[in-house]
Amino acid sequence: MVNLQVTMDDKTLKNILERQQYKEGFVTDVEQEYVPKGLNEDIIRLISAKKEEPQWLLDFRLDAFRKWQKMTEPSWGHLKLPKIDYQDIIYYAAPKKDSERPKEIDPALMETFNKLGIPLREREVLAGVKAKESQVAVDAVFDSVSVTTTFRKTLAEKGIIFCSFSEAVKEHPDLVRKYLASVVPSGDNFFAALNSAVFSDGSFCYIPKGVKCPMELSSYFRINASGTGQFERTLIVADEGSQLSYMEGCTAPMRDENQLHAAVVEIVVEQDADVKYSTVQNWYPGDENGRGGILNLVTKRGICKGSGSHLSWTQVETGSAITWKYPSTILKGDNSSSEFYSVAVTNNYQQADTGTKMIHIGRNTRSRIVSKGISAGHSENSYRGLVKVNPGAAGAKNFSQCDSLLIGSNCGAHTFPVIQSSCPTAIVEHEATTSKISENQLFYCNQRGIGPEDAVGLIVNGYAKEVLSRLPMEFAVEAQKLLQVSLEGSVG
Amino acid sequence: MSEVLLEIKGLHAEVEGKEILKGVDLAIRRGEVHAVMGPNGAGKSTLSAVLTGRPDYTVTAGSVTFAGRDLLTMSPEERSWAGLFLSFQYPIEIPGVSITNFMKAAINARRKAAGQEEMKPAEFLKLMKEKMAFVQMKGEFAKREVNVGFSGGEKKRNEIFQMAMLDPTLAILDETDSGLDVDALKIVAQGVNDLRSPEKAAIIVTHYQKLLEYVVPDVVHVLKEGRIVRTGGRELVDIIEKEGFEKIDG
Chain A
20 MVNLQVTMDD KTLKNILERQ QYKEGFVTDV EQEYVPKGLN EDIIRLISAK
70 KEEPQWLLDF RLDAFRKWQK MTEPSWGHLK LPKIDYQDII YYAAPKKDSE
120 RPKEIDPALM ETFNKLGIPL REREVLAGVK AKESQVAVDA VFDSVSVTTT
170 FRKTLAEKGI IFCSFSEAVK EHPDLVRKYL ASVVPSGDNF FAALNSAVFS
220 DGSFCYIPKG VKCPMELSSY FRINASGTGQ FERTLIVADE GSQLSYMEGC
270 TAPMRDENQL HAAVVEIVVE QDADVKYSTV QNWYPGDENG RGGILNLVTK
320 RGICKGSGSH LSWTQVETGS AITWKYPSTI LKGDNSSSEF YSVAVTNNYQ
370 QADTGTKMIH IGRNTRSRIV SKGISAGHSE NSYRGLVKVN PGAAGAKNFS
420 QCDSLLIGSN CGAHTFPVIQ SSCPTAIVEH EATTSKISEN QLFYCNQRGI
470 GPEDAVGLIV NGYAKEVLSR LPMEFAVEAQ KLLQVSLEGS VG
Chain B
3 MSEVLLEIKG LHAEVEGKEI LKGVDLAIRR GEVHAVMGPN GAGKSTLSAV
53 LTGRPDYTVT AGSVTFAGRD LLTMSPEERS WAGLFLSFQY PIEIPGVSIT
103 NFMKAAINAR RKAAGQEEMK PAEFLKLMKE KMAFVQMKGE FAKREVNVGF
153 SGGEKKRNEI FQMAMLDPTL AILDETDSGL DVDALKIVAQ GVNDLRSPEK
203 AAIIVTHYQK LLEYVVPDVV HVLKEGRIVR TGGRELVDII EKEGFEKIDG
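Residue numbers (our numbering), protein chains in the order written: chain A, 20 to 511; chain B, 3 to 252.
Calculated directly from the structure, the hints in this document are not laboratory data.
Straight-line alpha carbon distances no greater than 20 Å define the calculated EDC-like cross-link-like pairs of lysine to aspartate or glutamate that follow:
{"no.": "1", "chain 1": "B", "residue 1": "K106", "chain 2": "A", "residue 2": "D473"}
{"no.": "2", "chain 1": "B", "residue 1": "K249", "chain 2": "B", "residue 2": "E237"}
{"no.": "3", "chain 1": "A", "residue 1": "K416", "chain 2": "A", "residue 2": "E450"}
{"no.": "4", "chain 1": "B", "residue 1": "K114", "chain 2": "A", "residue 2": "E472"}
{"no.": "5", "chain 1": "A", "residue 1": "K177", "chain 2": "A", "residue 2": "D258"}
{"no.": "6", "chain 1": "B", "residue 1": "K114", "chain 2": "A", "residue 2": "D473"}
{"no.": "7", "chain 1": "A", "residue 1": "K89", "chain 2": "A", "residue 2": "D78"}
{"no.": "8", "chain 1": "B", "residue 1": "K145", "chain 2": "A", "residue 2": "E485"}
{"no.": "9", "chain 1": "B", "residue 1": "K106", "chain 2": "A", "residue 2": "E472"}
{"no.": "10", "chain 1": "B", "residue 1": "K133", "chain 2": "B", "residue 2": "D185"}
{"no.": "11", "chain 1": "A", "residue 1": "K455", "chain 2": "B", "residue 2": "E95"}
{"no.": "12", "chain 1": "A", "residue 1": "K351", "chain 2": "A", "residue 2": "D293"}
Among chain A residues calculated to face chain B with C-beta under 7 Å, some are:
{"no.": "13", "residue": "Y463"}
{"no.": "14", "residue": "N465"}
{"no.": "15", "residue": "R467"}
{"no.": "16", "residue": "G468"}
{"no.": "17", "residue": "L477"}
{"no.": "18", "residue": "K484"}
Just so you know, even glycine gets a beta-carbon here, dropped at the ideal spot from N, CA and C.
Sequences are here, hints too, so could you generate the full structure?
Here it is, written out as structure tokens:
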């Protein structure tokens, strides 16, 4: 038999690489208002004033800013981070409101989100072919502000609060104050501190005791303005015995400049509550020569606070020039459990350093990590994980599986799993594999009439199936297509 | 006599710089089943590989015409769309991809190439059911990952299933009978026999005569050291069975 693991030839690779399309790369022409470029206490005061924030929140921001000033960018990632000039970024950009109709959404924004497949009018969602149970409520964030949040009234009937972060600060200050930075402290890391100082909007969600959220909730983040960054915060609180499935999507225009996206997501899961958080990350990845693209430097963390609570992370990462994110769970409650399912695709000159942290504190806590990296082109793809079991976490169990798939021979795949167990009754298992799409698999598909591009899509989707099958239906189909598009040009 | 479907003339091919085929001439007419027999290392699998366009094999001389087209200039998938099918000697595993999705991709790719719309789901499922019954595969087979965890016999039946699904004009069966028990062999043979028609043809590549008890070839070729050294009828199979390949030459 012929060698099973041959790499694709250069021509093939070039074909896939060159055909990459990013159909979300358009710019919306709207009049925007900006704060002056740069970052200092006055800018922070200006952002806070624009949002008519209470003093405690301004104090929170200023405190974070002072912490941030003393910090340096983390350099431990397997990444070549370009030099970021933090004084050369505009920290707030918002579409101007029509002063006569401040409540109405600008039709240009409506059209933008429609084009992205995110309908903002509830009646359009309701009139769609989707069955009632597959409805999705969305908080749509455009640059620094939330444009609208759909189905708020329907959700409010069940006591569910789903709104923009800014509105939550005004309407539910006690809840926000109680939970803000309770999972990710403002000085947690360089980018979380930056976000805490300048965050402009984001989503807030509270599911009351015993309520099962009747529809999927979601945030959609769109960067539009150039020279800006996006710094949003998501805060999700699932009270005792509640259930929630939350989805997050994002896109940005194609530009030669790098744009910074430094978000924070905090999730609090109380006793017996169940939260599933799914992300399809499709930020502009830069061009085939590595020019432009979003720098996605994100802190996501949840706490399984109460006993029997459950938090599941699923992420499909196809975009961004650089991805630095580690959705993590603190398993504090006894018998709480968490999962991290990830597919990260890098092509051309993309770099991803992503993974998770599972911190076992409570007894009989369980965690499961399934990471599937796919690297093509000249990209670098790393899994970085920490499984930490504290002395008190008797009976804790973790299983980790990290697989890497290489397409071509110019890319890199790396795994950095760290296990720290200080509990003798804990069981921690780790498995890792690295494989290449073999010439034999491609030929087998080709012989059946499936061309090289479709064959790679099919093989990659098969490889990622375990993760993709965790996504809500609405997302799974999109994610499958995205995997294929992201790898277009990588074989032939 | 019926029209020539496949015509191979003076075919030379090498793999990794080593010449394996040293001038093969072969003509197959529609409606015929040919057997290509020969000892290990004679170039049988190379012939299958070259006809289907495996990338690591290089044709150094000769020509191949398939249904009037120059086969050697076509990509592997174009050859598939044109009606060429290979039952692999060692079928390949594709983890995570179900037989259903694999077949859907294969069928819709050829329909797309022919400018047709995708097959309707109901029509596709009906076809799947019918062909699964044909190779005696149970319903769960459709959900299994392509060749993953399949026994030797299941892999070969899967090849015949795919052949039935794709309905090729010319099927090449590369050592499909190796490692099969009698029951599986009968299923494979029935599969090939049922596809026999005046329009189509098949090449059975084998170094045993087992399968040929069930699928009676019209023409038998003996391939040795990269050349066809003898061509005859069914009786050649019996001679090989009795005397082995050593004594047969041009």
